[in-house]
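*Asks:* One-letter residues, chain by chain:
Protein chains: 2
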Amino acid sequence: MTEQFVVGIDIGGTNTVIGLVDKYARVLDKTCLKTQHYQTVDAYVDELCACILNIIKNVGGEQIKGIGIGAPNGNFHTGAIEHAPNLRWKGLVPLAKLLEERLHLPVLLTNDANAAALGEMVYGAAVNVKDFIFITLGTGLGSGLVVDGKLVYGHDGFAGELGHVILFPDGRLCGCGNRGCLETYCSALGIMQTYFEFAQKHDIALPENKESLEAKYVYDRAIAGDLAALQAFEFTGELLGLALANSVKYTSPEVIFLFGGLSSAGDLLFAPMQKSFEKYLLPLHRGKIKLLKSALEEGKVAILGAASLIWQMK
Amino acid sequence: MTEQFVVGIDIGGTNTVIGLVDKYARVLDKTCLKTQHYQTVDAYVDELCACILNIIKNVGGEQIKGIGIGAPNGNFHTGAIEHAPNLRWKGLVPLAKLLEERLHLPVLLTNDANAAALGEMVYGAAVNVKDFIFITLGTGLGSGLVVDGKLVYGHDGFAGELGHVILFPDGRLCGCGNRGCLETYCSALGIMQTYFEFAQKHDIALPENKESLEAKYVYDRAIAGDLAALQAFEFTGELLGLALANSVKYTSPEVIFLFGGLSSAGDLLFAPMQKSFEKYLLPLHRGKIKLLKSALEEGKVAILGAASLIWQMK
Numbered sequence: 001m002t003e004q005f006v007v008g009i010d011i012g013g014t015n016t017v018i019g020l021v022d023k024y025a026r027v028l029d030k031t032c033l034k035t036q037h038y039q040t041v042d043a044y045v046d047e048l049c050a051c052i053l054n055i056i057k058n059v060g061g062e063q064i065k066g067i068g069i070g071a072p073n074g075n076f077h078t079g080a081i082e083h084a085p086n087l088r089w090k091g092l093v094p095l096a097k098l099l100e101e102r103l104h105l106p107v108l109l110t111n112d113a114n115a116a117a118l119g120e121m122v123y124g125a126a127v128n129v130k131d132f133i134f135i136t137l138g139t140g141l142g143s144g145l146v147v148d149g150k151l152v153y154g155h156d157g158f159a160g161e162l163g164h165v166i167l168f169p170d171g172r173l174c175g176c177g178n179r180g181c182l183e184t185y186c187s188a189l190g191i192m193q194t195y196f197e198f199a200q201k202h203d204i205a206l207p208e209n210k211e212s213l214e215a216k217y218v219y220d221r222a223i224a225g226d227l228a229a230l231q232a233f234e235f236t237g238e239l240l241g242l243a244l245a246n247s248v249k250y251t252s253p254e255v256i257f258l259f260g261g262l263s264s265a266g267d268l269l270f271a272p273m274q275k276s277f278e279k280y281l282l283p284l285h286r287g288k289i290k291l292l293k294s295a296l297e298e299g300k301v302a303i304l305g306a307a308s309l310i311w312q313m314k
Numbered sequence: 001m002t003e004q005f006v007v008g009i010d011i012g013g014t015n016t017v018i019g020l021v022d023k024y025a026r027v028l029d030k031t032c033l034k035t036q037h038y039q040t041v042d043a044y045v046d047e048l049c050a051c052i053l054n055i056i057k058n059v060g061g062e063q064i065k066g067i068g069i070g071a072p073n074g075n076f077h078t079g080a081i082e083h084a085p086n087l088r089w090k091g092l093v094p095l096a097k098l099l100e101e102r103l104h105l106p107v108l109l110t111n112d113a114n115a116a117a118l119g120e121m122v123y124g125a126a127v128n129v130k131d132f133i134f135i136t137l138g139t140g141l142g143s144g145l146v147v148d149g150k151l152v153y154g155h156d157g158f159a160g161e162l163g164h165v166i167l168f169p170d171g172r173l174c175g176c177g178n179r180g181c182l183e184t185y186c187s188a189l190g191i192m193q194t195y196f197e198f199a200q201k202h203d204i205a206l207p208e209n210k211e212s213l214e215a216k217y218v219y220d221r222a223i224a225g226d227l228a229a230l231q232a233f234e235f236t237g238e239l240l241g242l243a244l245a246n247s248v249k250y251t252s253p254e255v256i257f258l259f260g261g262l263s264s265a266g267d268l269l270f271a272p273m274q275k276s277f278e279k280y281l282l283p284l285h286r287g288k289i290k291l292l293k294s295a296l297e298e299g300k301v302a303i304l305g306a307a308s309l310i311w312q313m314k
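If you're matching them up, the sequences are chains A and B in order.
Per this note's numbering, residue 1 is the first one in the first sequence, and the count goes up by one each step.
Per this note's numbering, residue 1 is the first one in the second sequence, and the count goes up by one each step.
Hints were generated in silico from the structure; no laboratory data involved.
Take the hints with a grain of salt, since some may be wrong.
When chains are identical, the list treats them as one kind, so a pair holds in a single copy or across two.
As the list claims (entries may be wrong) - With a cut-off of at most 16 Å between alpha-carbon atoms, the simulated EDC-like pairs for lysine to aspartate or glutamate come out as follows: (1) K34 with D220; (2) K275 with E100; (3) K288 with D156; (4) K130 with D156; (5) K279 with D170; (6) K290 with D156; (7) K288 with E298; (8) K275 with E238; (9) K65 with E100.
One chain only, chain A, in its complex shape (with noise of 0.2 Å):
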């Protein structure tokens, strides 16, 4: 029996991370690239079909069914990657063309967001949900719509950005370039900030580093009792529960999974979202539809999700 395997492809600011995939969720064969190592497209596509090639080189060509590819502001419709603000080749890279003209191999590519819902749908707790909504909650706020199945990617490929949802139009500045988005709120950035703005009202110290601290800093000052980190995981645990609420009036899914570092965080992060959330749900919705953290595992799900793209396809 052919077409075995599918190459899953993650590509960040800093790393691009190719991974050999089979049906059932094992990474069978891993490498990895400096993303920003190459100044021009044909140099890095160069390389990229290099390690490609590696990669398939011990099972043969004829048994891969094709490429995915997770990447910033991928846009599933073109095949490129759009005016990504965190990579260095600017305007549009038309990836999945230069690798399907190099490699003669089917190359589907979208947003790190969507991919990830993705592979929840084909390896993680979405195997038998029609309805949901996948949130990743890293440096800023990702999410993936699936409704009735399929992935919603919107009549120009650029659907499911919550992130930039606007709750306060005089709130914190976002990189869009509008004020008061979801991700400036709930988000690492977010809660970071949030715990700064509560650390000074309640005289606080904060260490001199500040401006290198990670979101954990926070999570681990709110364990040890510190009433400004404990009140950030209230306020962005009601916010973020709001917000979900608020998605559910769009698509009225069954779950909202939720990925990545705030999401780990157990109940000091869940307890006042799923509060706020049943809260402000419609009455006929609550007590129905669930909150959960993801089934799938972090160091894999980029890659795992890039390959779903390439299962998925009819």
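Once you've looked at the hints, dock chain B against the given chain A.
*Replies:* Chain B only, in chain A's frame:
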């Protein structure tokens, strides 16, 4: 050729309108009964069946493809009207099943706004639009989401409740029990209340019968140059523009259609709405997503929309 016609039924709190519809959006025959006149569901269904049989007798049952129904709190998945606050029959009314048993024709049912969205897709300006949002601005605010050519029902049939997206958690009390829902501001009732508040602030006298006024009054006052009425449209348009920009971040529609009362206010509503919409979009969406008045005829939309349920049927 058989199956040239569909029966479209619009169930409202006051009237039930039954129409015979062909594929060219022509309502060939129409009849009406008083929804609230019937104490029991059975008595209502008996009379409804009599009306349907009467309206199809000239073409013959074998020419009827099915019966489509738009109803308050209509659930496509279950075919039932579920806990509709403005109907006298409480709990679940399995209307599709009751009609199928009596008439032996396929019966599909959904809520009013979803039906209108389908009407726009089958008969209106969305014939070639695969991703759009349909907003009805009536007493409240209803909505239907269309993704990749299909209406979004969600896991339980209650997707597309944009009127209950919460803008201000401490805002105006909504019929759903929460506060600050979109429809408490952007609807006929919403703009009336906004007008009263602005009028009070500017010491503008209100007529004694202010409780019985309709939104048309605010429109007439704005045309006459009443400052409070002009500000009420400005405020409503700005808020609606923000809410619609946020909705783009969910499903990235090509067009958002607006329908009903307030959408007829022209530039008074559209100018501030369009401006705020563009402002709050992601930069990559600016100038690319259309806000349009629906192309459907006010008096026919509900019947045509309900009929579309059947034309869409596989």
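*Asks:* Decide, hint by hint, whether the structure agrees.
*Replies:* Hint check:
For the identical chains of this complex, K34 and D220 are neighbours neither inside a copy (31 Å) nor across copies (64 Å), given an alpha-carbon limit of 16 Å. Taking identical chains as interchangeable, the C-alpha atoms of K275 and E100 are never at most 16 Å apart, the minima being 48 Å within one chain and 42 Å between chains. Taking CA atoms no more than 16 Å apart as the test, K288 paired with D156 passes between copies only; the shortest distance there is 10 Å, against 32 Å inside one copy. Only between protomers do K130 and D156 lie at most 16 Å apart by alpha-carbon distance; the minimum there is 11 Å, versus 23 Å within a single protomer.
Taking CA atoms no more than 16 Å apart as the test, K279 paired with D170 passes between copies only; the shortest distance there is 13 Å, against 25 Å inside one copy. For the homomeric pair K290 and D156, the shortest alpha-carbon distance between copies (13 Å) is at most 16 Å, but the shortest distance inside one copy (30 Å) is not. Proximity of K288 to E298 under the C-alpha cut-off of 16 Å is found in neither arrangement, the shortest distances being 27 Å within a copy and 36 Å between copies. For a Cα distance limit of 16 Å, the shortest separation of K275 from E238 inside one copy, 8 Å, qualifies, whereas the shortest one across copies, 31 Å, does not.
In this assembly of identical chains, the alpha carbons of K65 and E100 lie at most 16 Å apart only when taken from the same copy (13 Å versus 46 Å across copies).
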